[in-house]
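If you want the building blocks of each chain, they are given just below.
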Amino acid sequence: MKELNAILTVASRDVTKLLRDRTRLVFTLVFPFIFVGLMGGTLQSNLGRAAGFNFIGFIFTGVLGMTLFQSAAQGIISLIDDRENDFSQEMFVSPISRYSIVFGKVLGESGVSLFQAVPTFLLAFALRVPITLPVFLALIPASVFACFLGAGFGVAVMSVINSQRAAQQIFPFVLFPQFFLAGIFNPIKVLPWYLVPFSLVSPLRYPVDLFRGLLYAGRPEYSRVVLLDPLTNLAVMGAMFALFLIFGTWFFVRQETNR
Amino acid sequence: MAPVNMPVIEVRDLVKRYRKADRNAVDGVSFEVRQGEFFALLGPNGAGKTTTISILTTTLAPTSGRVLIGGADAILDSAAVRAQVGIIFQKPSIDLNLSGEENVRFHAILYGLYPYRPLYRMMPPEYRRQVSDLAGLLGLGRDIFKPVKKMSGGMTRKLEIIRGLMHRPRVLFLDEPTAGLDAASRRSLWDYLKEVRNASETTIFLTTHYLDEAEVADRICILDKGKVVKLGSPEELKAELLQEYLVIDARDRTRLRRELERRGLQFREAGPFQVLLDGHSAQDVIRSLDTELSVLRIHAPSLEDAYLKIVGGALE
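The listed protein sequences derive, respectively, from chains A and B. Counting from 1, one number per residue, gives the positions in the first sequence under the working numbering. Counting from 1, one number per residue, gives the positions in the second sequence under the working numbering.
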């Protein structure tokens, strides 16, 4: 019970911080408009007919996955910022498990990311992306899993990075290639052979494909858009999350204490 | 609860060498701190004070050695150690995005004192009473609900101490708590700590490079280049380190030297003669000399002089 209370309080700190950060809140509203509204609209007008499926829906699922994954991962990196500002010491000297601290961060940053998904959904409704009620209800838990995976990925990256500056330099290198390898804006049904292994190990690929599996379920374009069935995507996401969290936390704590 | 005079902190042969470092930051340090004692770890920058305190508070693993806090091993049973200690870090560890109360609540829940509630008004009455008392003590009133950003450095430090004492730790570690504070804030902080000591049996473990802060401790441990160079009460250290001597000189230095030797007085020649008093009174020494003196004065070094002499090399 003590650990659960600790997890909840670590998590709520992140949500409180988001609600007090006006710049971040404004960015949250503008970000989906840029990608879904501008990019989706442009691609739909130019490529939608040739591709033979709704490109705004394709971009929406990609941007949703990217927003949740990236926001949660970047939020976790803030533990490094905490460490540099010495706030993390307050957490790391308390008598709670390191796993509870990291899981609290994962939960908190997932909450923050989900908040950021709200305008993405609203824009999708406004642009008439065909989201039925059952699809919407299925996308909610899928979004939570996507956040968890992003946060877990953040823990893994954080465990091997020492400073906020290094994080800012390295993070784009591990994230941006995934935008293309996971098919956020571009179909990856067919890939050159040398990109296939990179795409398969790209964690972002699985939540995005899960969203598309749910959105395009029962539609004729399903087989042209979706790579794996939703259950397989979920299983891969679960395994990756467990690996990232367990080994990432272990490395992070080890790095903290064995300097 | 261990009886008074039982060690609450036991450190044995502690060694820490950081990765890629070519020397030990802490090099075979051993000491004990008794329950209720005010213990000061004094030393210049780079002496190994923060490294020692980090190991004692379980945030850093030692290379070798043993640390027991309240009987719990800092390496094997770190959670039991963390439950018994409160820490005020060198750099403030308050979340500036939160209010004073939110910082206190965060700490109280992490230490399992109260269940998690998202809002202050949902917290148990006991907690709200405690916060109200604390705010009164700080002279903050309703301002404790304001963001920490708007508080002064001294006030933030006090808030950290209050937070660190919420779970009634057996040992309160203070790692250079007055660093960056102005004189008035330093004074106010020490007055507050005095009140804390009077009101509770909390053991205080202080690291500092200010001698005047360490002088009020029950015992001082002087650390230099990772090693303990002196350990004892301020009085003991003074008695051991402060040698008063008479500075004398004469036109006929040969005669004066011979006379000092004949009287069996210990002296050094450093320009003028430095005659160690070593139990003699200055008057006795002067009375025993026939040579006409051209220089005469008593040198009584302060504890600060002695400290600077010990750690002089490190300070340069």
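To be clear, the hints were calculated from the coordinates, so they are not data collected in a lab. Careful, some of the hints might be misleading.
Derived pair list, reagent style DSS-like, types lysine-lysine, alpha-carbon separation capped at 27 Å [as the list claims (entries may be wrong)]: (1) K146/B to K238/B; (2) K225/B to K194/B; (3) K91/B to K194/B; (4) K91/B to K17/A; (5) K146/B to K17/A; (6) K238/B to K309/B; (7) K150/B to K230/B; (8) K227/B to K238/B; (9) K17/A to K238/B; (10) K91/B to K150/B; (11) K225/B to K238/B; (12) K17/A to K225/B.
Checked hints:
Between K146/B and K238/B the CA atoms are separated by roughly 46 Å; this puts the pair beyond 27 Å, and the hint is violated. Proximity of K225/B to K194/B is assessed by CA-CA distance (about 30 Å); at most 27 Å being required, the pair is judged violated. The suggested pairing of K91/B with K194/B holds, with an alpha-carbon distance near 22 Å, which does not exceed 27 Å. A distance of roughly 21 Å separates the Cα atoms of K91/B and K17/A; the hinted pair therefore holds under the 27 Å criterion.
About 14 Å separates the Cα atoms of K146/B and K17/A, which keeps this hinted pair within 27 Å; it holds. Distance check on the hinted pair: K238/B and K309/B sit about 13 Å apart at the alpha-carbon level, within 27 Å; holds. The straight-line distance between the Cα atoms of K150/B and K230/B is roughly 42 Å, outside the 27 Å bound, and the hint therefore fails. Between K227/B and K238/B, the direct Cα distance comes to roughly 20 Å. Compliance with the 27 Å bound is thereby established for this hinted pair.
Annotation: proposed proximity of K17/A to K238/B is violated, straight-line Cα distance about 51 Å (limit 27 Å). About 17 Å separates the Cα atoms of K91/B and K150/B, which keeps this hinted pair within 27 Å; it holds. At roughly 21 Å between alpha-carbon atoms, K225/B and K238/B fall within 27 Å of each other, so this suggested pair holds. The hinted pair formed by K17/A and K225/B fails the criterion: a straight-line CA distance of about 42 Å is larger than 27 Å.
Violated hints, in rising order: 1, 2, 7, 9 and 12; the structure is consistent with all others.
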